[in-house]
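Trainee: One letter stands for each residue in the lines below.
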Amino acid sequence: MSNILQEIESRISNIRQEARQKNVGIVSEIGDGVAKIEGLDDLMMNEMIDLGHGVTGIAMNLEETNVGAILMGDYTQISEGQEVHGTGRLLQVPVGKNMLGRVVNTLGEPIDGKGDIKTDEFYPVEKIAPGIITRQSVNQPVQTGIIPIDAMIPIGRGQRELIIGDRSTGKTTICIDTIINQARLNKKAQDEGDTEYRPLYCIYVAIGQKQSNVANVISTLEEAGAMPWTIVMVAGASDSATEQYLAPFCGAAMGEWFMDHGMDALIIYDDLTKHANAYRQVSLILKRPSGREAFPGDVFYLHSRLLERAARMNAEHGGGSLTALPIIETQMGDVSAYIPTNVISITDGQIFLETDLFYQGVRPAISVGISVSRVGSSAQIKAMKQVASKIKTELAQFRELAAFAQFGSDLDAQTTARLERGKRITELFKQGQHVPMPVEIQVVLLWSVQNGIMDDIAVDNIRKFAADFTEHLTMQKTPLLKKIGDQKKLDDALIAEIKTVATSFRGTWKA
Amino acid sequence: MKIPKQAQRQANSLFNACSVNGVPDFQKALQAIDLLLEKRPRGWRQIVEHLKKRIRLEADKRAVLVQSAAPLDEAQQAEITRSIRERNPDRPLEFNFAVVPELLGGLRVQIGWQVLDASIRSRLESLLESNANNA
Numbered sequence: 009m010s011n012i013l014q015e016i017e018s019r020i021s022n023i024r025q026e027a028r029q030k031n032v033g034i035v036s037e038i039g040d041g042v043a044k045i046e047g048l049d050d051l052m053m054n055e056m057i058d059l060g061h062g063v064t065g066i067a068m069n070l071e072e073t074n075v076g077a078i079l080m081g082d083y084t085q086i087s088e089g090q091e092v093h094g095t096g097r098l099l100q101v102p103v104g105k106n107m108l109g110r111v112v113n114t115l116g117e118p119i120d121g122k123g124d125i126k127t128d129e130f131y132p133v134e135k136i137a138p139g140i141i142t143r144q145s146v147n148q149p150v151q152t153g154i155i156p157i158d159a160m161i162p163i164g165r166g167q168r169e170l171i172i173g174d175r176s177t178g179k180t181t182i183c184i185d186t187i188i189n190q191a192r193l194n195k196k197a198q199d200e201g202d203t204e205y206r207p208l209y210c211i212y213v214a215i216g217q218k219q220s221n222v223a224n225v226i227s228t229l230e231e232a233g234a235m236p237w238t239i240v241m242v243a244g245a246s247d248s249a250t251e252q253y254l255a256p257f258c259g260a261a262m263g264e265w266f267m268d269h270g271m272d273a274l275i276i277y278d279d280l281t282k283h284a285n286a287y288r289q290v291s292l293i294l295k296r297p298s299g300r301e302a303f304p305g306d307v308f309y310l311h312s313r314l315l316e317r318a319a320r321m322n323a324e325h326g327g328g329s330l331t332a333l334p335i336i337e338t339q340m341g342d343v344s345a346y347i348p349t350n351v352i353s354i355t356d357g358q359i360f361l362e363t364d365l366f367y368q369g370v371r372p373a374i375s376v377g378i379s380v381s382r383v384g385s386s387a388q389i390k391a392m393k394q395v396a397s398k399i400k401t402e403l404a405q406f407r408e409l410a411a412f413a414q415f416g417s418d419l420d421a422q423t424t425a426r427l428e429r430g431k432r433i434t435e436l437f438k439q440g441q442h443v444p445m446p447v448e449i450q451v452v453l454l455w456s457v458q459n460g461i462m463d464d465i466a467v468d469n470i471r472k473f474a475a476d477f478t479e480h481l482t483m484q485k486t487p488l489l490k491k492i493g494d495q496k497k498l499d500d501a502l503i504a505e506i507k508t509v510a511t512s513f514r515g516t517w518k519a
Numbered sequence: 002m003k004i005p006k007q008a009q010r011q012a013n014s015l016f017n018a019c020s021v022n023g024v025p026d027f028q029k030a031l032q033a034i035d036l037l038l039e040k041r042p043r044g045w046r047q048i049v050e051h052l053k054k055r056i057r058l059e060a061d062k063r064a065v066l067v068q069s070a071a072p073l074d075e076a077q078q079a080e081i082t083r084s085i086r087e088r089n090p091d092r093p094l095e096f097n098f099a100v101v102p103e104l105l106g107g108l109r110v111q112i113g114w115q116v117l118d119a120s121i122r123s124r125l126e127s128l129l130e131s132n133a134n135n136a
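Heads up: the protein sequence lines correspond to chains A and B, in order.
Each residue of the first sequence is one higher than the last, beginning at 9 in this note's numbering.
Each residue of the second sequence is one higher than the last, beginning at 2 in this note's numbering.
Quick caveat, the hints were computed from the structure, so don't treat them as lab data.
For glycine and all other residues, C-beta sits at the position ideal for the given N, C-alpha and C.
Among the hints, erroneous ones may be present.
Said to hold, decoys possible - Just some of the chain B residues that point at chain A, by a computed CB distance under 10 Å:
id: 1; residue: N22
id: 2; residue: D26
id: 3; residue: K29
id: 4; residue: D61
id: 5; residue: R63
id: 6; residue: V67
id: 7; residue: V110
id: 8; residue: W114
id: 9; residue: L117
id: 10; residue: S127
id: 11; residue: L128
Unchecked claim - Taking lysine-lysine pairs in the DSSO-like style, the calculated list, with each CA pair at most 30 Å apart, reads:
id: 12; chain 1: A; residue 1: K126; chain 2: A; residue 2: K44
id: 13; chain 1: A; residue 1: K491; chain 2: B; residue 2: K29
id: 14; chain 1: B; residue 1: K3; chain 2: A; residue 2: K44
id: 15; chain 1: B; residue 1: K54; chain 2: A; residue 2: K295
id: 16; chain 1: A; residue 1: K30; chain 2: A; residue 2: K295
id: 17; chain 1: A; residue 1: K491; chain 2: A; residue 2: K390
id: 18; chain 1: A; residue 1: K491; chain 2: A; residue 2: K518
id: 19; chain 1: A; residue 1: K438; chain 2: A; residue 2: K490
id: 20; chain 1: B; residue 1: K62; chain 2: A; residue 2: K295
id: 21; chain 1: A; residue 1: K497; chain 2: A; residue 2: K393
id: 22; chain 1: A; residue 1: K44; chain 2: B; residue 2: K29
id: 23; chain 1: B; residue 1: K3; chain 2: A; residue 2: K295
id: 24; chain 1: B; residue 1: K6; chain 2: A; residue 2: K44
id: 25; chain 1: A; residue 1: K507; chain 2: A; residue 2: K400
id: 26; chain 1: A; residue 1: K496; chain 2: A; residue 2: K507
id: 27; chain 1: A; residue 1: K30; chain 2: B; residue 2: K53
id: 28; chain 1: A; residue 1: K295; chain 2: B; residue 2: K53
id: 29; chain 1: B; residue 1: K62; chain 2: A; residue 2: K30
id: 30; chain 1: A; residue 1: K518; chain 2: B; residue 2: K40
id: 31; chain 1: A; residue 1: K44; chain 2: B; residue 2: K62
id: 32; chain 1: A; residue 1: K196; chain 2: A; residue 2: K122
id: 33; chain 1: A; residue 1: K44; chain 2: B; residue 2: K53
id: 34; chain 1: A; residue 1: K30; chain 2: A; residue 2: K105
id: 35; chain 1: A; residue 1: K518; chain 2: A; residue 2: K438
id: 36; chain 1: A; residue 1: K30; chain 2: B; residue 2: K40
id: 37; chain 1: A; residue 1: K196; chain 2: A; residue 2: K105
id: 38; chain 1: A; residue 1: K497; chain 2: A; residue 2: K196
id: 39; chain 1: A; residue 1: K295; chain 2: A; residue 2: K393
id: 40; chain 1: A; residue 1: K295; chain 2: A; residue 2: K398
Here chain B stands alone, though its shape is the one from the complex:
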């Protein structure tokens, strides 16, 4: 759906209005969407679409994906969760754990759009790149 600039601006204003202490509140965002669906102002479909996109992107920023080559037990998961929350105290985070055997070993942690890759696969790739540069 093509979303005109005005609808984007209105959706952005609504999204910013749903923030509490600078952090977007999803409950308030849902209330905003309910209000839009009820009142149906001009261009409401495009506004809802763009607001949905902003919420999705914000949710992506809060998502933490921890990938490991072998399953992690509860204690390990709790330790990783605690460690990441300590480094991001003001950010609401949602954790997901996945097993990716292709990593060979180690961990790959993606927090929003930042990736910390300490897997063995990554180190091997780094070794290959370093060899290619030296050659």
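Next comes chain A alone, as it looks inside the complex:
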């Protein structure tokens, strides 16, 4: 009993005796997720406003006679004439490793039913991107496990690579496969006790997505064992436009924690088209002047300030990185629309997915001719650079000749050989969903196709050959794969070994 009394006395004596100072205002208008508030002098931009009943507002318009605020929470509880007050704080989200493995909403609150997330650290949602001097050039690979990407459109840690295409062309699948591959690599390094490998933590931000799609994604990640290295943030289609607008920035804050602490993180924004639409909605309700396609004038700045937060820091600032894979959905392949062109000009490359290729059976439906990575081979291990350097040229020649060969004219032997080689490379690039391929196996397969091992295999059997060869390498040639993984480049001895293995397997393989 006396302990309780002492505790109460101690708590009473600990409270501050000064008067509480508040900046107050009166709600003059409320509706559609936006409130207009009179008063609130000296309020700062993006300051949080406490409207009571668990509703928080964020100041977006600071006008002469009122403040326009976007609302988070059940704003139907708020009425006109109600007193509200500024908090003096900017919006923050919880960050840290405790967020891994959890599904959270825009504010970082768990929505997966697994209990509260204990964290002491909070990062501001809006933050200025790292400066020029603190950055370092990108030269560490992000192995997606998808052959056409790792071979021809390599992504590096700290890069922003846009994934763009029509609906249902496999944009989200590419990102999920990337996450699954990172989990595989992280787990492998953990099991082997490899302290030199830098794990890549993943953040998947779902913006305006259907809940069923998000549930599928989470289920896929759980089945693949990827969740322990992943944070899933959801601002679904049924969430307010405010939450959809803020979600990417909140996800970026979580990613920045890893970057600032010398670790590497990957963040996926799925997708920024819906993000721009949510921002358009709140801007129109705030009566901001609208521009092209009814978007506000600063829609470019919306995405540029978000994507600039992805960077690779130099050693002096921890050496961490944040890689961004934004997704943009086009309509009928129109990449010259407003939002797609904005984001293309911001990112360090783009991966185009085409509906035609998808329905022709080329999956992932990556158009390698127009896809580009501005980081390029700096983000590839030497072994991959050695085998992949000629592939893009060969494929470009194949596409040119394929159009020509449609006329059915007689072709010389060299042209025919190029066509046949191109068909086989295209077939090799096809890959199943959620089965990312280790880079060592990719190197062996690409070397094999480049050096004629598959020339006498029918095009229709290429995938079966690749699958069987992969199984053979995984089950019986683990030392070879380990050598490629450790050395990361192909010297003469290793090339000779690959040649022996490939030739020997081809000799015994039957379709």
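Given the coordinates of chain A, work out where chain B should sit on it, guided by the hints.
Mentor: Chain B in isolation, oriented as in the chain A frame:
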């Protein structure tokens, strides 16, 4: 009433023109309204409406509401008035005193849109919040 941007701009210009040494003068603002009602330029109703809003908001900024749990005598009121005027020498202020028993004790002073709450109710709320954060 929907007030177009142009009317708002005109009303704001008028309001700023009614300032003396940076402080809006309500007498001049009333003269401006009389002139508007007399001359009735295009959109005069919206201009008057917005000017009225600006004057109301300025009046709110000058209002000082002193709330106490028990009535304050004249000496206490004079002391509070003097103290607040000393801290805001350049601002014209209008004082109102109210009794709010729910405060339990102490004072709650609202100067414009700034509130200084030294009431017992506020301290109890602070104690509850602090307990909730520690829990």
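Trainee: Next, verify each hint and record whether it holds.
Mentor: Here is what the structure says about each hint:
no.	hint	verdict
1	N22	violated, 20 Å
2	D26	violated, 18 Å
3	K29	violated, 19 Å
4	D61	holds, 7 Å
5	R63	violated, 12 Å
6	V67	violated, 13 Å
7	V110	holds, 8 Å
8	W114	holds, 4 Å
9	L117	holds, 5 Å
10	S127	holds, 6 Å
11	L128	holds, 5 Å
12	K126/A - K44/A	violated, 35 Å
13	K491/A - K29/B	violated, 88 Å
14	K3/B - K44/A	holds, 15 Å
15	K54/B - K295/A	holds, 19 Å
16	K30/A - K295/A	holds, 28 Å
17	K491/A - K390/A	holds, 13 Å
18	K491/A - K518/A	holds, 28 Å
19	K438/A - K490/A	holds, 25 Å
20	K62/B - K295/A	holds, 26 Å
21	K497/A - K393/A	holds, 9 Å
22	K44/A - K29/B	holds, 29 Å
23	K3/B - K295/A	holds, 13 Å
24	K6/B - K44/A	holds, 17 Å
25	K507/A - K400/A	holds, 22 Å
26	K496/A - K507/A	holds, 17 Å
27	K30/A - K53/B	holds, 27 Å
28	K295/A - K53/B	holds, 22 Å
29	K62/B - K30/A	holds, 15 Å
30	K518/A - K40/B	violated, 99 Å
31	K44/A - K62/B	holds, 18 Å
32	K196/A - K122/A	holds, 27 Å
33	K44/A - K53/B	holds, 18 Å
34	K30/A - K105/A	violated, 35 Å
35	K518/A - K438/A	holds, 20 Å
36	K30/A - K40/B	violated, 43 Å
37	K196/A - K105/A	holds, 19 Å
38	K497/A - K196/A	holds, 20 Å
39	K295/A - K393/A	violated, 52 Å
40	K295/A - K398/A	violated, 54 Å
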